[in-house]
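S.K.: Letter by letter, the chains look like this.
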Amino acid sequence: DTEVTQTPKHLVMGMTNKKSLKCEQHMGHRAMYWYKQKAKKPPELMFVYSYEKLSINESVPSRFSPECPNSSLLNLHLHALQPEDSALYLCASSRNSGGGTDTQYFGPGTRLTVL
Amino acid sequence: QQQVKQSPQSLIVQKGGISIINCAYENTAFDYFPWYQQFPGKGPALLIAIRPDVSEKKEGRFTISFNKSAKQFSLHIMDSQPGDSATYFCAASIGGGYNKLIFGAGTRLAVHP
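The listed protein sequences correspond, in order, to chains A and B. In this text, residue positions in the first sequence follow our numbering: the first is 1, and each later residue adds one. In this text, residue positions in the second sequence follow our numbering: the first is 1, and each later residue adds one.
In case anyone wonders, no lab produced these hints; they're calculated from the structure. Ideal Cβ positions, reconstructed from N, Cα and C, are used throughout, including at glycine. Keep in mind that the hints are not guaranteed to be accurate.
[Said to hold, decoys possible] Straight-line C-alpha distance at most 30 Å; calculated DSSO-like pairs for lysine-lysine:
| id | chain 1 | residue 1 | chain 2 | residue 2 |
| --- | --- | --- | --- | --- |
| 1 | A | Lys-41 | A | Lys-9 |
| 2 | B | Lys-15 | A | Lys-22 |
| 3 | B | Lys-42 | A | Lys-36 |
| 4 | B | Lys-71 | A | Lys-40 |
| 5 | B | Lys-57 | B | Lys-15 |
| 6 | A | Lys-38 | B | Lys-42 |
| 7 | A | Lys-9 | A | Lys-40 |
| 8 | A | Lys-41 | B | Lys-71 |
| 9 | A | Lys-19 | A | Lys-38 |
| 10 | A | Lys-40 | B | Lys-15 |
| 11 | B | Lys-100 | A | Lys-41 |
| 12 | B | Lys-5 | B | Lys-58 |
| 13 | B | Lys-100 | A | Lys-36 |
[To be verified] Per label pair, the in silico range of CB-to-CB distance:
| id | chain 1 | residue 1 | chain 2 | residue 2 | range |
| --- | --- | --- | --- | --- | --- |
| 14 | B | Gln-14 | A | Lys-18 | 46 to 52 Å |
| 15 | B | Glu-26 | A | Ser-55 | 21 to 27 Å |
| 16 | A | Glu-3 | B | Lys-15 | 28 to 34 Å |
| 17 | B | Gly-17 | A | Thr-16 | 49 to 55 Å |
| 18 | A | Pro-83 | B | Ser-55 | 29 to 35 Å |
| 19 | B | Gly-60 | A | Glu-67 | 37 to 43 Å |
| 20 | B | Ser-65 | A | Asn-17 | 44 to 50 Å |
| 21 | B | Gly-16 | A | Glu-84 | 25 to 31 Å |
Using the sequences and the accompanying hints, generate a full structural model.
M.R.: This is the structure:
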């Protein structure tokens, strides 16, 4: 099973709301990623967790707050977002084996609209 | 140095034809080059990947050609089908545990029947 699941599929929120995106994988992967993808653009890396520790934060605004409660789960907490934050948010995971060729498996994404 | 340049931006091919997408990079530390296929409303899915110690890799109708000296690699889709219509992203990463993928800008492929 090479599935990464994401919930919800769609989310509409106001600029004062607090919401969370959820990602789950049961492949035993120890690296998990959040990406943001705008229309007709490639995915942009936001955060990387390696063995449940935040390893990379690509200078993401603090209104995005990641959390990795355990090795299978990854959350992205959203607060006070701006309309320009509307995008497809993708989660991915990889083995983190150190071999350098680990495949990143992507979830289907959450389509976020900020009003 | 961290960029991966991809061309063309869009491509129209007749059914049965060959689709060719090219990518170039500058950072010689990159050692893993995957191609992802993305359909509208879906996440990217790994199509095929290559390491720089191999000049060509073929999986079914999909072939990666890799030219280490020119720092270029390309995806060839043989016998292109309408079901291949999608956006294709090349990427590169430096190995070692988790991989920070650097994506190309993407190529929107349309295969006409």
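S.K.: All hints are to be evaluated individually against the structure, with a verdict given for each.
M.R.: Now the hints, each set against the structure:
1. Lys-41(A) <-> Lys-9(A): Holds, at roughly 19 Å.
2. Lys-15(B) <-> Lys-22(A): violated (39 Å)
3. Lys-42(B) <-> Lys-36(A): Roughly 13 Å between the alpha carbons, so the hint for Lys-42(B) and Lys-36(A) holds.
4. Lys-71(B) <-> Lys-40(A): This hinted pair holds, its Cα atoms lying about 25 Å apart.
5. Lys-57(B) <-> Lys-15(B): OK: Lys-57(B) and Lys-15(B) at ~23 Å, within 30 Å.
6. Lys-38(A) <-> Lys-42(B): holds (13 Å)
7. Lys-9(A) <-> Lys-40(A): Holds - the C-alpha atoms of Lys-40(A) and Lys-9(A) are around 19 Å apart, at most 30 Å.
8. Lys-41(A) <-> Lys-71(B): holds (23 Å)
9. Lys-19(A) <-> Lys-38(A): holds (19 Å)
10. Lys-40(A) <-> Lys-15(B): holds (24 Å)
11. Lys-100(B) <-> Lys-41(A): holds (17 Å)
12. Lys-5(B) <-> Lys-58(B): holds (22 Å)
13. Lys-100(B) <-> Lys-36(A): Holds, because 14 Å separates the two Cα atoms, which is no more than 30 Å.
14. Gln-14(B) <-> Lys-18(A): 46 to 52 Å: holds (50 Å)
15. Glu-26(B) <-> Ser-55(A): 21 to 27 Å: Roughly 24 Å apart at Cβ, these two residues keep to the hinted range, so it holds.
16. Glu-3(A) <-> Lys-15(B): 28 to 34 Å: This hint holds: roughly 31 Å between Cβ atoms.
17. Gly-17(B) <-> Thr-16(A): 49 to 55 Å: Given about 52 Å between the Cβ atoms, the range holds.
18. Pro-83(A) <-> Ser-55(B): 29 to 35 Å: Hint violated: Cβ distance 47 Å, outside 29 to 35 Å.
19. Gly-60(B) <-> Glu-67(A): 37 to 43 Å: holds (40 Å)
20. Ser-65(B) <-> Asn-17(A): 44 to 50 Å: holds (48 Å)
21. Gly-16(B) <-> Glu-84(A): 25 to 31 Å: About 42 Å separates the Cβ atoms of Gly-16(B) and Glu-84(A), which means 25 to 31 Å is violated.
Hints 2, 18, 21, counting from the list given before, are not met by this structure.
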